[in-house]
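Student: Chain order of the listed sequences is R and V.
Okay, so the first sequence: first residue is 1 according to the numbering used here, each after it adds one.
Okay, so the second sequence: first residue is 1 according to the numbering used here, each after it adds one.
Please note: incorrect hints may appear among the correct ones.
[To be verified] If you only want the chain V side, here are some residues facing chain R, beta carbon under 10 angstroms, derived:
no.	residue
1	L42
2	A73
3	V123
4	K148
5	R149
6	Y163
7	F181
8	V186
9	R189
[Said to hold, decoys possible] If the Cβ cut is set under 7 angstroms, some of the chain R residues that face chain V in the computed set are:
no.	residue
10	A8
11	G68
12	D78
[Said to hold, decoys possible] Simulated restraints, written as ranges between beta carbons of each label pair:
no.	chain 1	residue 1	chain 2	residue 2	range
13	V	W91	R	E182	46 to 54 angstroms
14	V	E164	R	E136	42 to 50 angstroms
15	V	Q150	R	S44	28 to 36 angstroms
16	R	S44	V	E124	36 to 44 angstroms
17	R	G19	V	L45	35 to 43 angstroms
18	R	A10	V	G116	45 to 53 angstroms
19	R	G19	V	S44	30 to 38 angstroms
20	V	S44	R	T155	23 to 31 angstroms
21	V	I24	R	Y146	48 to 56 angstroms
22	V	V123	R	R56	57 to 65 angstroms
23	R	R14	V	S44	20 to 28 angstroms
Derived from the structure by calculation, the hints contain no laboratory data.
Cβ coordinates follow ideal geometry from the N, Cα and C atoms, glycine included.
2 protein chains.
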Amino acid sequence: MTEEIGRARAAVERARDGGKVALISSGDAGVYGMAGLVFEVLKSLGWKRGDSPELRIVPGMTALNSCGSVVGAPLVHDFCAISLSDLLTPWSVIARRIEAAAAADFVIGLYNPASGRRTRQIVEAQAIIRRHRGGETPVALVKSAYRKRQNAAVTDLDHFLEYEIGMLTTVLVGSSQTFVFEGYMVTPRGYANKYTQDGEVLAGQRPGFSLVPSVKEVG
Amino acid sequence: MTEEIGRARAAVERARDGGKVALISSGDAGVYGMAGLVFEVLKSLGWKRGDSPELRIVPGMTALNSCGSVVGAPLVHDFCAISLSDLLTPWSVIARRIEAAAAADFVIGLYNPASGRRTRQIVEAQAIIRRHRGGETPVALVKSAYRKRQNAAVTDLDHFLEYEIGMLTTVLVGSSQTFVFEGYMVTPRGYANKYTQDGEVLAGQRPGFSLVPSVKEVG
Numbered sequence: 001m002t003e004e005i006g007r008a009r010a011a012v013e014r015a016r017d018g019g020k021v022a023l024i025s026s027g028d029a030g031v032y033g034m035a036g037l038v039f040e041v042l043k044s045l046g047w048k049r050g051d052s053p054e055l056r057i058v059p060g061m062t063a064l065n066s067c068g069s070v071v072g073a074p075l076v077h078d079f080c081a082i083s084l085s086d087l088l089t090p091w092s093v094i095a096r097r098i099e100a101a102a103a104a105d106f107v108i109g110l111y112n113p114a115s116g117r118r119t120r121q122i123v124e125a126q127a128i129i130r131r132h133r134g135g136e137t138p139v140a141l142v143k144s145a146y147r148k149r150q151n152a153a154v155t156d157l158d159h160f161l162e163y164e165i166g167m168l169t170t171v172l173v174g175s176s177q178t179f180v181f182e183g184y185m186v187t188p189r190g191y192a193n194k195y196t197q198d199g200e201v202l203a204g205q206r207p208g209f210s211l212v213p214s215v216k217e218v219g
Numbered sequence: 001m002t003e004e005i006g007r008a009r010a011a012v013e014r015a016r017d018g019g020k021v022a023l024i025s026s027g028d029a030g031v032y033g034m035a036g037l038v039f040e041v042l043k044s045l046g047w048k049r050g051d052s053p054e055l056r057i058v059p060g061m062t063a064l065n066s067c068g069s070v071v072g073a074p075l076v077h078d079f080c081a082i083s084l085s086d087l088l089t090p091w092s093v094i095a096r097r098i099e100a101a102a103a104a105d106f107v108i109g110l111y112n113p114a115s116g117r118r119t120r121q122i123v124e125a126q127a128i129i130r131r132h133r134g135g136e137t138p139v140a141l142v143k144s145a146y147r148k149r150q151n152a153a154v155t156d157l158d159h160f161l162e163y164e165i166g167m168l169t170t171v172l173v174g175s176s177q178t179f180v181f182e183g184y185m186v187t188p189r190g191y192a193n194k195y196t197q198d199g200e201v202l203a204g205q206r207p208g209f210s211l212v213p214s215v216k217e218v219g
């Protein structure tokens, strides 16, 4: 952690000295990444917009995106990301988030679930979620997505703690609607099974509009 | 919606006939995208792993990633994504999620916040969140990130409804820790201001480990 603050400071200082500096984070620098730290360093230096260094934040894919695609399509409906690292965040805040996410039926992505030293949090997280979801709820464990040692498993809420979970593992817990199909973890887009696969509206359902505006709509 | 089911079916059918088919979604096909629908179509056809067509899911950046980077670093700590479209999800489920996310201090990304016909949901969402967060909580509105008509604004919870919000807008609501700095929206990595900018441990805080395992750690 102190090392990361040092990296951010060094990057900003070199850029102020006229260097063209790229500060790299794995995944998305804006998601649990270095981008926030750069702003904190700039703030401490009294930096103003327009001052040197000029700043550009380049988005990337976070573990939710990469790990999700490895195991299927678990994030097709509402989801959240929670880091289990309590180094900078009180466990009470983290536990409250897990509880809220579990109760409100979000698909849950757990970052930093465990490490050699830190193994208690994922066990507590499982217990909290289990109070709100069935033991057969799909859970995926993905390690090092798209890297050499990629490793993925699709299991369930009652059994995922039997697997190896480390610092490079992302844990994806399904919602009440998530299902496993041919080993893939899939969350459908809605609750009401409003449409048949032929696009017909089911009995008792109002039809939707085929041009209903949607951020995901592709023309 | 019915159109999208048709697209998924057509893609699967052409692929089964031997075609090499790419089914494109804006953002990440796995986040509110077409990937889930493809699995639903395959399931309805009794497809098995190993059958034709062979399947590959390619991850992408979702609006959270792209829109976040446009306005700064709002997603450096726990966040969630909620779609306000109640076409396939009962509003009661959506409202419960907004309430839970607001109460548990998540940064909240709202997808599909409004459309020409559908304007009530974002107003209700604001009211729910406002019960849990101050009116000065930073809110960013980003439209068409990295596209021709990109448009972004950083405002706050009491004023964002005064802006134009449409089908291509993503709304990012800060947590209690999120701040605005030189027009950028930034969420710090932790709660305790445990470290000074020089990496020194503040009085009364236990030091962390510089090599504490983290998914975001870059060697």
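Student: Identify every previously stated hint that the structure contradicts and give their numbers, smallest first.
Tutor: 3, 4, 5, 6, 10, 13, 17, 19, 21, 22 and 23
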